[in-house]
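Sequential numbering of the sequence shown, starting at 1, is according to the UniProt record's numbering.
Take the hints with a grain of salt, since some may be wrong.
[Said to hold, decoys possible] Within a straight-line C-alpha distance of at most 25 Å, the following computed DSS-like cross-link-like pairs (lysine-lysine) qualify:
hint, residue 1, residue 2
1, K87, K61
2, K249, K144
3, K245, K145
4, K189, K249
5, K189, K145
6, K156, K145
7, K87, K144
8, K249, K145
9, K189, K87
10, K245, K255
11, K245, K156
12, K61, K89
13, K249, K141
14, K245, K144
15, K255, K87
16, K249, K156
17, K156, K89
18, K87, K245
19, K245, K141
20, K156, K255
21, K249, K87
22, K145, K89
23, K141, K87
24, K89, K189
25, K145, K255
26, K141, K156
27, K89, K249
28, K89, K245
29, K144, K189
30, K156, K144
31, K141, K61
32, K189, K141
33, K249, K61
Bear in mind the hints are in silico, worked out from the structure with no lab data behind them.
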Amino acid sequence: MNIIDAIFLGILQGLTEFLPVSSSGHLVIAQHFMGINEGNLALNVLLHLGTLVAIVIVYFKSVTSMIIEFFAMMGDLFRERSLSIYKSKYRKYIMLIVMASIPTAIIGLLFDDVFEELFSSIQVVAFTLILTGILLVLGEKLGKKNQLPIERLTLKQGILVGLFQSLAITPGISRSGSTIVGGLFNGLKKEEATEFSFLISIPAVLGAVVFKGKDILSLDALGMEGTTLGASFLAAVIFGVLAIKLLVKLVRNGKLHYFSYYCWAMSAILLINVYVLA
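Hey, can you work out the whole structure from these sequences and the hints?
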């Protein structure tokens with residue numbers, strides 16, 4: 001893979017990770033049509049790490065507040081034998097993120113080999129993009145009058161959002177789209193559903209990086225130099241920041257369903273390519 005291809009994939013990852021059109025699905029598409037096979041899932045995980053950095057940049061205050069509150073919770077657990085999760089919004093955030101991460105972790109670990117095989121199937125992506133579009137339309141309708149703040153979301157509802165997130169292990173189903181819809185389904189305000197969607201991706205991405213760490217380190221053995229990897233990673237960070245800010249604005253203005261048309265159009269192109277032009 002040359003540096004131009006790597007930067008392109010980084011830009012693609014940065015944009016599609018947060019815009020609800022499925023980053024994993026688009027990477028499968030790009031690798032299929034560009035003839036790129038190096039790195040496979042490991043390269044995808046590295047690019048996801050770049051978008052994780054983008055989340056930290058945009059939501060730096062929330063991330064640092066959660067880190068501070070985590071240590072405060074540990075202090076309360078030692079002194080009072082209680083996590084006192086209702087002392088602040090960010091303590092509740094921590095618990096909700098933990099609960100939302102459980103379904104994804106369990107499903108990912110149990111069916112890792114199955115999902116990895118799907119990363120070579122352009123047909124799977126074509127059909128799952130249709131599902132992503134349907135989810136976005138439903139989410140838009142559900143969230144029009146939502147007023148629930150994150151502090152009032154129950155832990156059981158957090159698990160339900162996590163189930164929505166686990167759908168996105170399949171390439172073609174948008175993680176940001178499915179988790180925003182999950183938040184809206186539970187009554188969250190649009191802005192808080194969007195922020196929660198981004199924050200709950202942090203442990204999922206970290207888990208994937210740890211789980212696939214050896215594969216990522218072996219990418220240089222596949223002919224990918226450090227400069228190439230760095231350029232791809234940096235592109236994912238920069239365009240990830242831009243995509244987050246754009247999506248927040250679009251969700252606030254009730255434009256989430258616009259991405260459904262894109263998903264369906266892309267699906268139609270893929271299906272024509274596979275079943276008509278092949």
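Hints, one by one, checked against the model:
1. K87 with K61: Judged against 25 Å, a Cα distance of about 18 Å means the pair holds.
2. K249 with K144: 15 Å, holds
3. K245 with K145: 22 Å, holds
4. K189 with K249: 14 Å, holds
5. K189 with K145: Holds, because 8 Å separates the two Cα atoms, which is no more than 25 Å.
6. K156 with K145: 22 Å, holds
7. K87 with K144: 30 Å, violated
8. K249 with K145: Since the Cα atoms of K249 and K145 sit roughly 17 Å apart, the hinted pair holds (cutoff 25 Å).
9. K189 with K87: Within the cut-off at roughly 21 Å; holds.
10. K245 with K255: Satisfied, since the Cα-Cα distance of roughly 14 Å is no more than 25 Å.
11. K245 with K156: Not OK: K245 and K156 at ~29 Å, beyond 25 Å, violated.
12. K61 with K89: 13 Å, holds
13. K249 with K141: Holds, because 17 Å separates the two Cα atoms, which is no more than 25 Å.
14. K245 with K144: Holds: K245 and K144 sit about 20 Å apart, inside 25 Å.
15. K255 with K87: 34 Å, violated
16. K249 with K156: Cα-Cα ~28 Å, so violated.
17. K156 with K89: Roughly 17 Å between the alpha carbons, so the hint for K156 and K89 holds.
18. K87 with K245: Judged against 25 Å, a Cα distance of about 29 Å means the pair is violated.
19. K245 with K141: Within the cut-off at roughly 22 Å; holds.
20. K156 with K255: 28 Å, violated
21. K249 with K87: The given pair, whose Cα atoms are some 30 Å apart, is violated under the 25 Å limit.
22. K145 with K89: 22 Å, holds
23. K141 with K87: It is violated: about 33 Å lies between the C-alpha atoms, which goes past 25 Å.
24. K89 with K189: 15 Å, holds
25. K145 with K255: 14 Å, holds
26. K141 with K156: OK: K141 and K156 at ~23 Å, within 25 Å.
27. K89 with K249: 23 Å, holds
28. K89 with K245: Cα-Cα ~22 Å, so holds.
29. K144 with K189: Given that 25 Å is the threshold and the Cα spacing comes to 9 Å, the pair holds.
30. K156 with K144: 23 Å, holds
31. K141 with K61: 30 Å, violated
32. K189 with K141: At roughly 13 Å apart (the allowed maximum being 25 Å), K141 and K189 satisfy the hint.
33. K249 with K61: Between K249 and K61 the Cα gap is close to 19 Å, so the pair holds against 25 Å.
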